[in-house]
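K.L.:
Chain by chain, the residues:
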Amino acid sequence: MSRLVIVITSLVAVSASAQMCRARASWPTTAWPEALVNRDTKAAELKALEDYAFTLEGQPEERKGFRTNGLVVVKNGAIVYEKYARGWDASKRHLSWSVAKSISSTLVGVAVQQGLIDVNDSVCKHLTDYASDPVVCAITVKHFLEFGSGLQWQEEYEDRSYQVSSVIAMLFGVGRRDQVRHVLTHRKLHEPGSMFAYSTGDAHVVGTIAKKALTAKHGTDAFWTQLFDKLGMTAPVFEEDISGNPLGGSFVYATPRDFAKVGFLMLNDGCWADQRLLPVGWVQKATAVSDTFRAARGDCSGTKAPDDTFQLPCEDTPNGYMWWLNRPPAAGAEKPWKDAPDDTYAALGHWGQRIIVIPSEDLVIVRTGDDRQGSIPVNEVVKYVLPVVRP
Amino acid sequence: MKTLRSMLVVVGLAVSACAQDDSKLRTYDNNDLELAVGNAAKMTCTCRFVMQMDDAYCRDWVRASPNVARFEVDTTNKVVTASSFISWTARAKFVDDKRGCALE
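Quick mapping for you: the protein sequence lines, in order, are chains F and U.
The end of the first sequence is residue 972 by the working numbering, with every number in the run present.
The end of the second sequence is residue 105 by the working numbering, with every number in the run present.
Hints are not guaranteed to be accurate.
[As the list claims (entries may be wrong)] Under the rule of at most 20 Å between Cα atoms (straight-line distance), these lysine to aspartate or glutamate pairs were calculated in the DMTMM-like manner:
#, chain 1, residue 1, chain 2, residue 2
1, F, Lys673, U, Asp30
2, F, Lys673, U, Asp55
3, U, Lys99, F, Asp802
4, F, Lys866, F, Asp702
5, F, Lys964, F, Asp632
6, F, Lys673, U, Asp97
7, F, Lys673, U, Asp98
8, F, Lys673, U, Asp61
Derived by calculation from the structure, the hints in this document are not laboratory data.
Can you make the complete structure from the sequences, with help from the hints?
P.N.:
As structure tokens, this is what we get:
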């Protein structure tokens, strides 16, 4: 009998610890505490970082090199470094581009925590206005979270003919008025969950699923009341198309300090001010190599369409639930960011937008920029920041 | 007028060439001018009214190729109208402080 009591007590204790949030001396809901690095003792490290990140090349109209607009570093829950350039300051909201995808994923996590979404739900359960096609209804929320919808998608930007870009057609062309409909009318190219294909369209669907679930319970401002306001984000913007679909793959705007709060939420396992906003295990799942990515790895020939009409790029950086991971893409391969700790993960956006989270360093790095000729590498940002923040 | 016609021919040839290179991919019924004005209207609207950067910064920020879009900014109503040549026009409007700008 006493053994049974011990077992039950242990199970209860394990369960409780899984639910518990990490204790913090304070939370930056109202404002970030500051503990700036000493500019004298870290002079060399700071010079190296700023020479790399803030030195401009050529004439402004040439748009050369890395053009950093903001860099904020949070260590142990306090801002230890912050710098702005090119007309930007701490009060200005910056375009996220694809960092929005990771935020959309996090909003789905909020809805899962509240019991409004199960990731194994069919998309048709949530997008009732759009989805009745059996092909679409076979796709789950999880498939979209993992860039594994299987729908044909050509994620091309400025460097290719605009007429073949699914994303430019969606944002600015034929699909712009109802961007979710644009995504869901693409043909099935692969079985859902069998092929990783980076897609702003998939992320738009994820954002819209989150909106439908959360607004049904909390009203039209649910993204703000259920997440952004709880983090104390000052004035985030989440744009929509004229049909009311949130543009969750591209168009979120926030200050760098506010983007750092999204990273800090992830760093704290989905907890904020001792309240659990994301389910137990969500962050672990969102930052582990996804089932879809693992299904497709090591076989780039598999990125061809069955009818041989289409070839997806072979992605070298693993992904979880729309977070990029510093994990080897295949057995025997190297991790993508060799100078960053293994547990590093990141939200990455066009033109060099970054939220980088390193749990083992209790570190969040936010970088905003306007890199038109190749985005600043995650590895180099981490490589130059770590000496600044380490003792 | 001769210059305009020449430019259209160049754009048409470029589109045609690209379409041939990408013949196995899905293509969309957009032309470069339509996309250029849509991009200019939307991105100028968000640059000015969401990111709250100044006119000079935003003109450089939205500059795209082909750089054929002209636009007008109505700061009172927070509307940006972009146009190119005769028939291509796009309009983006600031909705509110949470939802930023939408391209119509």
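K.L.:
Determine which of the earlier numbered hints do not hold for this structure and return their numbers in increasing order.
P.N.:
The structure breaks only hint 1.
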